[in-house]
Amino acid sequence: MKMATLSRPYVKIGGLESAGGSASPSPLARMRGWLAAWLPAIPLLLLVSTCLIAPVVVLIWQSFTGMGETGLSLDLWFKVLGQRANQDAIATSLFLAAACATVTLIIGAPLAWMISRMLRGSRAFWLGLLNVAANFGGIGLAFAYMATIGSVGMLTLMVQGLGLPFEAPREGSLPALLMAYEYTNIPLFVLLTIPAMSILRDDWWEAAQVAAATRLVFWRRIGVPILAPFLMAGWLLIFTWTLGIYGIAYGLAGQSGATAVHLITLQIGSALQSDVLFGPGRAAILAVVLMVFATTSLILYRVMLRRAMRWL
Amino acid sequence: MAMNAAQAPTAARSGSGRRMSRAAKYLFFGAALAYFCVPMAAVLLYSLATRWTANILPDGYTLQWWQATVADQRIQSAFSTSISLATLTAIIDIAVVVPAAYWSRVRNAGIRPVVEVAAAVPFALPYVVIAFGLMQFSGVVAPQYQGTFVLLVAGHAAIAFPFVYWAVDGAMAAAGIERLSETAEACGASPFQTLRRVVLPNISPGLVTGGLLSFAASFGEFAMAQIIGRGLDTVPLWSAEMIRSYTDTAGSYNRLAVVTLLTFAVLFVLSALVVYWNRGQTVRLLPGGGANTEGVRR
Numbered sequence: 001m002k003m004a005t006l007s008r009p010y011v012k013i014g015g016l017e018s019a020g021g022s023a024s025p026s027p028l029a030r031m032r033g034w035l036a037a038w039l040p041a042i043p044l045l046l047l048v049s050t051c052l053i054a055p056v057v058v059l060i061w062q063s064f065t066g067m068g069e070t071g072l073s074l075d076l077w078f079k080v081l082g083q084r085a086n087q088d089a090i091a092t093s094l095f096l097a098a099a100c101a102t103v104t105l106i107i108g109a110p111l112a113w114m115i116s117r118m119l120r121g122s123r124a125f126w127l128g129l130l131n132v133a134a135n136f137g138g139i140g141l142a143f144a145y146m147a148t149i150g151s152v153g154m155l156t157l158m159v160q161g162l163g164l165p166f167e168a169p170r171e172g173s174l175p176a177l178l179m180a181y182e183y184t185n186i187p188l189f190v191l192l193t194i195p196a197m198s199i200l201r202d203d204w205w206e207a208a209q210v211a212a213a214t215r216l217v218f219w220r221r222i223g224v225p226i227l228a229p230f231l232m233a234g235w236l237l238i239f240t241w242t243l244g245i246y247g248i249a250y251g252l253a254g255q256s257g258a259t260a261v262h263l264i265t266l267q268i269g270s271a272l273q274s275d276v277l278f279g280p281g282r283a284a285i286l287a288v289v290l291m292v293f294a295t296t297s298l299i300l301y302r303v304m305l306r307r308a309m310r311w312l
Numbered sequence: 001m002a003m004n005a006a007q008a009p010t011a012a013r014s015g016s017g018r019r020m021s022r023a024a025k026y027l028f029f030g031a032a033l034a035y036f037c038v039p040m041a042a043v044l045l046y047s048l049a050t051r052w053t054a055n056i057l058p059d060g061y062t063l064q065w066w067q068a069t070v071a072d073q074r075i076q077s078a079f080s081t082s083i084s085l086a087t088l089t090a091i092i093d094i095a096v097v098v099p100a101a102y103w104s105r106v107r108n109a110g111i112r113p114v115v116e117v118a119a120a121v122p123f124a125l126p127y128v129v130i131a132f133g134l135m136q137f138s139g140v141v142a143p144q145y146q147g148t149f150v151l152l153v154a155g156h157a158a159i160a161f162p163f164v165y166w167a168v169d170g171a172m173a174a175a176g177i178e179r180l181s182e183t184a185e186a187c188g189a190s191p192f193q194t195l196r197r198v199v200l201p202n203i204s205p206g207l208v209t210g211g212l213l214s215f216a217a218s219f220g221e222f223a224m225a226q227i228i229g230r231g232l233d234t235v236p237l238w239s240a241e242m243i244r245s246y247t248d249t250a251g252s253y254n255r256l257a258v259v260t261l262l263t264f265a266v267l268f269v270l271s272a273l274v275v276y277w278n279r280g281q282t283v284r285l286l287p288g289g290g291a292n293t294e295g296v297r298r
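So the protein lines, in turn, are chains A and B. Counting in the working numbering, the first sequence runs from 1 upward without gaps. Counting in the working numbering, the second sequence runs from 1 upward without gaps.
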């Protein structure tokens, strides 16, 4: 802002001069100054603006205009959001993400706490194992689910071999997706929250004991209140990531076609293959919806983290 | 006296409760261990099984799937596509990020906020959304690039650049690159010389980490490859096709098991290298998150 007000007079002088016939160095110099300041960043900014920013803008634009036949209107939004299958997809995605994040929190938080208080050797073992699991994702993880508790999976055959009637959740169902998602969600959550666990100092527990507090009281009055913002931040992060998972869902639910669970990501993916009813406008709207959810929850995550950092 | 009375029941309770809680702890960790190990064991056994439909363990073991998979032309070409895609992604990201990060530290601080906002985009938005948007955008401006390798490289470079940016920027901060390059300039080095002789050697840990992370992100990426890379054959796309064709080809699941293990091995080795390269330091992945994991997800 300051630059602009300062340089405006020079432009005018330059303009007068060039009108008089002589070459004006000022706009050129300004240009060169700008280039010197920004040139090394231009390739990155080009990449980012064409492959990240422009696509997002186009999606938002298309969600309001359809494919450009109509002007700006909310018609398509009403049509798409009024449709049962789309409402279903949005509700299911939100529910699945919230359920996944909650299960992750319930299992991951104690796991992170206990691992953070382990001796060095066993801590290294668990961190290694979680690191391995966190790398297992996408189609490979979907396949691992089938190989483990699919209709001819290892665990299924084992339990049936014991003579028990056992049938795992169908591959495209919500419990199946939840179980598969947790395989990477829990390790990510634990790896992210372990650093926070060191905030809770051991002498606080000793001090609480001196004041005759039980373990339960210690956790209720000291442990949980201090860790809560970190854990909530982790919950929000898992929620955001789960909303956007595509590979695992495609591997597990994509194949059973119409009977499979409706998810926003799957709907966007399948809109490309065949969508005679709405064209890509429908997928654009679902994409914008997903964008809004993910952005909101990530902003909340930042807020939560800032609050958590008070204790650092 | 009153204190003793208050403490006595507490001590007694924790004495009998300790055994309970220890048993619960073992149960908890045992269940977690099984949860993380059994699926991997199942995939491994699948890749070695002759036939496996009725018993707890496969009917017999064979290496034929491994041999057949490694010799399969289509799988070979899928691996070579994925590897060149990931290599190009890493190279492009390093080439565009290093000058920008360097300049934002030594000359124009205005670059930083712009890049940091851009780096938050692939974290906030699911890859499906970015991929779909890129598909629509390229349909408007350059339809001839749809479904090509070039577009997919550009897309992967865009979603993987934050890994490189955070790693490189962290390395620059750790090396104190501002003072180093000031000194180099004072000694009469040109900007290019400074970059090559002073900056790059001092940020090499960041370059390696960023390169490995962006390679891994591209190698395992499925959503964008499926949406804008139609007609290409990367490893995740091949896997997706196989997982749908259980009834079509005999042994397709066994070969899928082999490819799953190979993919996993690649990603795991990369992440182990990243951890090895950053002993003692934490990799800053999430803005303000202070995380020390790699961002392999989805």
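Just so you know, these hints were derived from the structure itself, not from any lab. A few of these clues could be false.
Claimed, not checked - Pulled a few chain A residues facing chain B out of the computed Cβ check, cut under 8 Å:
hint, residue
1, G33
2, L59
3, V132
4, Y145
5, G163
6, L164
7, P165
8, A168
9, P169
10, G172
11, S173
12, L174
13, P175
14, G223
15, I226
16, Y246
To be verified - Chain A regions said to be covered by chain B (calculated; three or more residues, Cβ under 8 Å):
hint, stretch
17, 40 to 47
18, 109 to 119
19, 151 to 158
20, 237 to 245
21, 288 to 295
Stated by the list, open to error - Distance windows between CB atoms, simulated:
hint, chain 1, residue 1, chain 2, residue 2, range
22, B, R74, A, W61, 28 to 34 Å
23, B, V117, A, S270, 50 to 56 Å
24, B, A71, A, T296, 34 to 40 Å
25, A, W205, B, E116, 26 to 32 Å
26, A, L94, B, K25, 43 to 49 Å
27, B, I91, A, L129, 43 to 49 Å
28, B, T87, A, W61, 33 to 39 Å
Every residue gets a Cβ at the ideal spot worked out from N, C-alpha and C, and that includes glycine.
Which numbered conditions among the earlier hints are violated in the structure presented, ordered from lowest to highest?
The structure conflicts with hints 1, 5, 6, 7, 8, 9, 10, 11, 12, 13, 14, 15, 22, 23, 24, 25, 26 and 27, although it agrees with all the remaining ones.
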